[in-house]
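Engineer: Now for the letters of each chain:
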Amino acid sequence: MIRIPIANTIQLQRIALRQSYLFALLLLIIAVAVNAALQPDFFRPGVLSDNLQSFLPLMLLAAGQTIVIIGGGVDLSVGAIVSLVDVVVVRAMGNSPSASQVLLAIALGLASGVLAGVVNGICVAYLRFQPIVTTFASSFVFSGTALLVMSSPGGNVPPSLVDAYQANLLGLPVVLWVIAAVLVLWNFLRSTRYGRYLYAVGGQSMSAYVTGVPVSLVRLSTYMLSGLMAALTAVALVMSTNTGDPLIGAPMTLESIVAVVLGGTRLRGGQGGVAGSLIGVIILSLILNIISFANVPTWWQTLVNALIVLLALTGPGIVALVRRKLS
Amino acid sequence: MEISLAAQHLVKRYDAVVALLDGNLDVQSGEVLALVGANGSGKSTLSKIITGVVAPDEGQLLLDGQKVRFSSPQAARKNGIVEVYQELSLVPDMTVAENIWLAHEPLAWSKIVRNREIRARTGDLLDLFAGTTQPSLRPDALVSTLPPDEKQIVEILKVLSLQPKIMILDEATASLDSRQVNRLFELIEQRKAQGMAVVFISHRMEEIFRVADRVTVLRSGNTVGTAPLDQISQQELVSMMIETEVVSRYIKQHEEAKSSPVRLSIEQMRTPVLRGVSLSLREGELLGLGGLRGQGQTDILLALFGAMPFEGKVTLSGRSVHFTHPRQAIREGIAFVPGDRGSEGLLPVRSILENLQLPSWRRYGLLLRLTKARKDATTIARRLNLVMESLNAPVTSLSGGNAQKVVLGKWLLREPKVLLLDDPTKGVDVGTKGEFYKLLSELREAGTSIILYSSEDEELLGLCDRVIVLHDGQVQAELADTTLTRSELVAASMGTAHGGAA
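So the protein lines, in turn, are chains E and G.
With the working numbering applied, the first sequence closes on residue 327, and no number is skipped along the way.
With the working numbering applied, the second sequence closes on residue 829, and no number is skipped along the way.
Incorrect hints may appear among the rest.
[To be verified] Short, incomplete list of chain E residues facing chain G, as computed with Cβ under 8 Å:
no., residue
1, Ala92
2, Asn95
3, Ser98
4, Ala99
5, Ser100
6, Tyr199
7, Ala208
8, Thr211
9, Val213
10, Ser216
11, Leu267
12, Arg268
[Unchecked claim] Simulated coverage check for chain E against chain G, where a stretch passes if three residues somewhere in it have a Cβ under 8 Å from a Cβ of chain G:
no., region
13, 77-86
14, 200-207
[Stated by the list, open to error] To give a feel for the contact side, a few chain E residues facing chain G, derived at Cβ under 7 Å:
no., residue
15, Met150
16, Pro153
17, Gly212
Note that these hints are calculated values from the structure, not bench results.
C-beta atoms are modelled at their ideal positions from N, C-alpha and C, and glycine is treated no differently.
The shape of chain E in the complex, shown without the other chains (with noise of 0.2 Å):
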């Protein structure tokens, strides 16, 4: 008789911390209704392909975060990375580019982006630094080179690289295929034996160690796999935005994280997973447009992002406390 409640405890923590996504998912529900009652034409196709496309960028920014987290880490030089890599594609590109200069330029970028990921990385794992000072001072770093790289927004974009965004294919926003990429991608990853090293490495890096997990390995990786991600960011970026600009990354680090913590993934890692974050990312998003038909000023908007965090990282210790003063 006892032990069938037992069962459902141990089965409801497990629904609890893998499929951390049901609070998101109720969140989102929230968001879109307020959302929609603001904005009478938010269901129209091309106002959610609009809106796709504004999401898109921070969608694989906080997919990258999301990874690192997991890992039992952080990266705080995302939105740096991102400015570098806007910048460099913009600047290798030049005016009138051809076919072939595009791509390199592209391909320039995503090789930033891994090389910054890869300095990350180093430093973390190998070095043994502190995630959050490591990758706070690394971003001053990067985005001081993006400066160098250009100092102000500018530069031209062939419009067939926006077209190729605003594009559809077989019927759908090319956003969205994107969109579905990233998590084809992410569910075939956490199903192979790096999935399985990467929640470990952030749950019990200890345990992972002495069980024959290739830790430091592991780490390096993350950090490269969020650079990657934050160089498709500024692809992205480029292409919506239709021009570089040295500065557009910085607000999106906060961002990312909140993101990733709305998706119901724990910052102390090993818990969590990239569709949530990317539901995050609507939320969020849904929210900042909120508080901007709200007709307030923009650093309320900073201020939510901030609160969320705040209370992401002091709400399970608060409950723990309340639980320990009830008890």
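Chain E is fixed; fit chain G onto it per the hints.
Structural biologist: What follows is chain G alone, placed relative to chain E:
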């Protein structure tokens, strides 16, 4: 799968401390070798060298007659040598199945982990312990939700899933109940018949005689002998573990303490480790807590100090008390000297003065009377015989022994009624130890009651008026006067009622 492993003349030093002086053992397919020794005899070091966790300074390992050197646990594992850890190697937020197969998951051609196969094979492994575990122990259960015994079983199954040739069990039965131990021993018998070799490290005499074929005895870092277990008695085994029966007293027994009033008594103290411990402590008495490491000695000290929740009754100077915070315990005159002075006993970058005065600042007013504080600290430093540059020097500039004297010294200003010592001389040089002992003796003469846990049997025998030996969270024996001997202490640590090699 025939295999043989021999360790020959292994030496391991940690700075000046020699953990292993001459470690030898050999084990072959189809046998269980028990490895026994008193505290600090080098058992763990020897097993860590075999499993590649630490590298030996000298000596060699022979695997099937070939010289080998394992640079990491993975290298040892590749050669089929695997150790069962005590809950150290599980990831709490992963399931039982994921934990067992971590890093050797069966993969499909697409590199995707075969989840169905993992679950099925985990189910088969769990069936090995069927009937001795809760039905909630299933492949999909999260490890963090399991009780300690089931976590230990998962550790064992994780090792078995690797199909080891040599399995090392280091105190792996500590958290298992008797049915689970029986099942484990059946499994060992079975695997032994299939050619596995097992090294069994345990502090339970009864288990050693039940499961092992031979025993290798370590004594102060040396392998002193190997014998088949059917040709040796428990008494003989205990006497092999003891160097000499002669005990050197560091300080005299405190005769007055035998008749002085009781200052502190504990009745039926329970923590996750302690299973109902009762003891009493007289004024001016030095009571030792003995037994192998991790039998709950530290729990008693922490619980008395209000730093660990417990059940049971504590009476201090005739009053019933139950501290839930160290501040309360300090107010009632209890002082605690932790074993890990680096993280618990000292403020590393601060000065010696600050460290000495930390618990006593409230005596010096709101605007601190620093001159007086400095004068008092100087007195204490002189009494402690501190070797230091000045009181302003950072405490990290002191040697290990002198730093530990500061940890003790900071309580002297408060004249504690009860002093709790948690392995206080760990890593302290011999000269400083002597001074430390003298200080304890002085405190005791002044009426302070002391409870000392030490991982060194020498200290317990040489310092204490009385020693309580813990085994499996319970009081195994109380030793005093004529029974305060080395063989009694070792025998009680191993869980036998009466040891005694004459």
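Engineer: Now tell me if each hint is right for this structure.
Structural biologist: Each hint, compared with the structure:
1. For Ala92 of chain E, the interface hint is violated, since its Cβ never comes within 8 Å of a Cβ in chain G; the closest pair sits about 34 Å apart.
2. Among the interface hints, the one on Asn95 of chain E is violated; its C-beta lies about 44 Å from the nearest C-beta in chain G, farther than the 8 Å criterion.
3. Because the closest C-beta pair between Ser98 of chain E and chain G is about 38 Å apart, greater than 8 Å, the hint is violated.
4. The closest approach between the C-beta of Ala99 of chain E and any C-beta of chain G is roughly 33 Å, which is over the 8 Å cut-off, so the hint fails.
5. With its C-beta approaching chain G no nearer than about 33 Å, Ser100 of chain E sits outside the 8 Å limit, and its interface hint is violated.
6. Hint status for Tyr199 of chain E: holds, given a least beta-carbon distance of 6 Å to chain G, under 8 Å.
7. Contact between Ala208 of chain E and chain G, as hinted, is supported at the beta carbon level, the nearest pair being about 6 Å apart and thus within 8 Å.
8. Because the smallest distance between the Cβ of Thr211 of chain E and any Cβ of chain G comes to about 5 Å, under 8 Å, the interface hint for this residue holds.
9. With its C-beta approaching chain G no nearer than about 5 Å, Val213 of chain E sits inside the 8 Å limit, and its interface hint holds.
10. With 8 Å as the threshold, the beta carbon of Ser216 of chain E stays out of range of chain G, its nearest partner Cβ sitting at about 12 Å, so the hint is violated.
11. Hint status for Leu267 of chain E: violated, given a least beta-carbon distance of 14 Å to chain G, over 8 Å.
12. A least Cβ separation of about 10 Å between Arg268 of chain E and chain G goes past the 8 Å threshold, and the interface hint is therefore violated.
13. Counting residues of the region 77-86 of chain E whose CB lies closer than 8 Å to any CB of chain G gives 0, so the stated coverage by that chain is violated, three being the minimum.
14. Chain G is given as covering the region 200-207 of chain E, and this holds because 5 residues of the stretch bring a CB closer than 8 Å to a CB of that chain, at least three being needed.
15. For Met150 of chain E, the interface hint is violated, since its Cβ never comes within 7 Å of a Cβ in chain G; the closest pair sits about 41 Å apart.
16. For Pro153 of chain E, the shortest C-beta to C-beta distance to chain G is roughly 43 Å, which exceeds 7 Å, and the interface hint is violated.
17. Satisfaction of the interface hint for Gly212 of chain E is found here, the shortest Cβ-Cβ separation to chain G being roughly 4 Å, below the 7 Å cut-off.
Taken one by one, the earlier hints fail for this structure at numbers 1, 2, 3, 4, 5, 10, 11, 12, 13, 15 and 16, listed in ascending order.
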